[in-house]
Amino acid sequence: MKSIKSFLTGLLLMFSIVLSAQDFAPVVQNVNKAQVVSDYIQVRSQLERFLLAQPQLSLATYYLAYVDIQLSLVTPDVDKKTKYLAEAETYLNKLSELKDIDKSEFFTLKGLRLYSLMALDPQTNGPKYSGEIVSAYATALAINPNNPRAIILSALFKNDMTKYLHQTYDGFPKDIEKASALFAAQDSLLLTPTWGRSWVDYALSKK
Amino acid sequence: MLNEQSKPMPNANVFIKGTIDGASTDSLGNFSFTTNKQGEMTLCVRMLGYAEFNTKITDKNSTALVLNMKPDNITLDNVVVSAGNFRVKGNSQFGKMSAVDIVTTAGSTGDLYHSLRTLPGAQMVGESGKLFIRGGDSNESQTYIDEMHVLSPYTATGDNMPVRGRYSPFMFEGINFSTGASSSEYAQGLSSVLALNTKDVSPITKIGVNASSVGFSGGGTRAFEKGSVSLNLDYQNLKPYYSIVPNKYDWVKPYQLFSGSGQIRFNPNQTTVFKTFVGYDKTSFIQHIASSTNQPTRNLAFNDDNFYLNSTFQKTTESGYKIFAGGAFSLKNQHVDDALIATDSYRNKEWEIHLKTKVSKRFTDFLRLNVGLENFFRHNDIVYSYASTVHTDSINHSISALFASAIFNINSNLYAELSDRLEYTSINNMWRSNPRLSLTYNMNGVHFSGVVGQYTQLPENKYLLTKNDLRTENCMQYVGGIYYETKNKVYRAETYYKKYNDLVLQQSTSLTSEGYGYSKGLDLFFNDRALFKGFEYMLAYSFNLSKRKYQDYTELSTPQYATIHNATVSIKYNIPALKSILGVTNRFASGRPYHDPSKSGIMNSTTGFYNSVDLSLTYLVSQKVIIYTSATNLLGRQNTYNYNFINDTTNPDRYMKTPVTDPSKHFFYIGIFITLSGKTAYDVSNF
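Chains A and B, in that order, are what the protein sequence lines are.
The first sequence runs 1 to 207 under the working numbering.
The second sequence runs 1 to 687 under the working numbering.
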């Protein structure tokens, strides 16, 4: 527990927050609560205003990338999906230029974006991006083996891949359990990435 | 909040600049919010796909605002549809094709050029393997890697044996195939340009090997934080294959190829890319050629060394200038013994240095400019010796060019491109201007595009070696097309007319530039990926009428390589239950003209039609092992491309006729691709 706390505190420092937690915390909560397109668009606008007012707010850049990826998954419009993923890539590129960001969270988001790109056209993009997706999650986990988002997303992807090959990913239940415990231990009051619990529910439904 | 058509804009982000005070517009485009800011302030509106809108307001006049937004520059720049251009892989859905698509297309046998021959506009010239586009000869098609010219993109083979591309399709991130009306920055392509882009970033460290019925290869990539290094080695030897699948040739030493290539990519930041690619390959074979009427038996010994080096730099500055600079060096060195007759020797050494720089920038919503300079320095020398006779020829020359294009976004649905390419060729001391105009109009997702432009190209070296002052060949192109795309379907229809002038014409022993000709036709393309899950099919049809008076033609005739009708039906079926992708391609081409000396006129006869049903099966053994198999011409049709005639020694008025056919009726390929590194999957690419 102590190590998780100190890790999350480290994250806070690394994201170099300059705006007070009081202002930004409700936006993060809105991100975590968002479910449908209109929710995500509202919170995207909020994040964009924060970023324009405070360009050095790397957490806003990080969350904008995340919200754009989520929008690409929930919006039905194919053209918009592509635009949101392009925007997410721009924000990820910005993040990669910054020092002191949490690289594990960065690579997790990168993997999720590629996964969303793959979801656009699995037949074409599956073979194209699967190697990069596996690599992005593996890198995220090499940096921080206790990143719950990387654990659950990597587990889901491995499970899907092995299913496609008519095999079984034996580590799937164990990964779900580990991610679930790590999510439960997250301190949602801290201004750090906390999204991803819903992926555990999704993974449980596929078990 | 209204868009450019004065319709309400929902979901726009409206706020006071410098604050977090704002709101999103509702479904009717309405918005309202309060702010504590006083006096003059900037109201800012942002929306994905639209230019940022700013207006000054004060706390006294901030009610009942009606605001209009316009599409942004990025959206304008993303217009990729223009007549003649077939973006095979890239951002556009129009005919996009990945390296995996290429190798799983039946009949492609894993070769980029074979795969492109299934697209409309390409003609079926089976004995060559090169690209013949819209009635143009193969030398009218040029290949560029990362915007730099490749002097010899095809492997070397003997007569009437189809060539393949030198480079693996897995190397390329973008494959843009222009079947006409290519951009002004690409030189020396009267008919078509294949612009290939290698990956800017290769983020995965990986290593792989493969073994196949023709050889084996291996290589890998080491990724770093700001770049990567890739290396690939390939060895092919057809001796084992020929011992199982014989062909009509008699080999003393069957075809052998050794090749190695490497690439270094360096990305110091998100806006800068340095790339260097180097490739070398060595081809050799000895073919036994039986004696003929007036020729003794000989052993044709063929050796070819090919080297290509390409280095490029790209940067986008903070002020929006996109800068490109590159250099490429191509070297081809061929040595053939017993080339035409026993004991003769032929050497051909050719090199080219290509230097290019360009800069582009969008200055306003209305205008984008692109300007560049390039130089080609070329050398070619040949030595032919027989007994004590030695014949040599050599040329050194250069091509210098200035190219510029202006793209006008007249409105969000209409754009025009005006360009010119001013070119000086030292060998014939000629200046040529190549003005071009293209217009594209988007009507509710249906794109209409038209291009008119001039294209020029120097005659082939084999003619320039004999006569230096031949004029630069030119072709005026008129292309018009309609394009429509949905999520899973692509429709294209294009018509064209090409008028050729100043082609090389050989009259008795003299060479002139008095040749001319035309080519006209219609290309149709349809791709459907939604008929049922995992199933994809593609239909391509080309109609072409082409006539020329060039080379040794004594009258205006259909060139020997041209076919009136070309059609391809290609299907792919992804069968998850079998972990397999099945591909079937049926290609058809009408008969080709050939010259029968026993009849009057030239190109006075026609071969039978061409047909080949090809099959491929890709089987995913595990995440890291793929087996790929393919077989061509399953129906076993004897396709004849031409006929050779030689005088009958018993009767000088008669000719003996031999058909030009494939070396064997079928080509079988089986390969196993193994990824050895730990993090990758489904990745047979070593680049």
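In short, the hints are calculated from the structure, not lab data.
Just so you know, even glycine gets a beta-carbon here, dropped at the ideal spot from N, CA and C.
Errors might be hidden in some of the hints.
To be verified - Covered, in the sense of this in silico footprint (three residues per stretch, anywhere, with C-beta under 8 Å from a C-beta of chain B), are these stretches of chain A:
1) 44-57
2) 98-109
3) 151-165
4) 171-185
Query - Numbered hints the structure breaks, given as an ascending list - result: Hints 2 and 4 not satisfied by this model.
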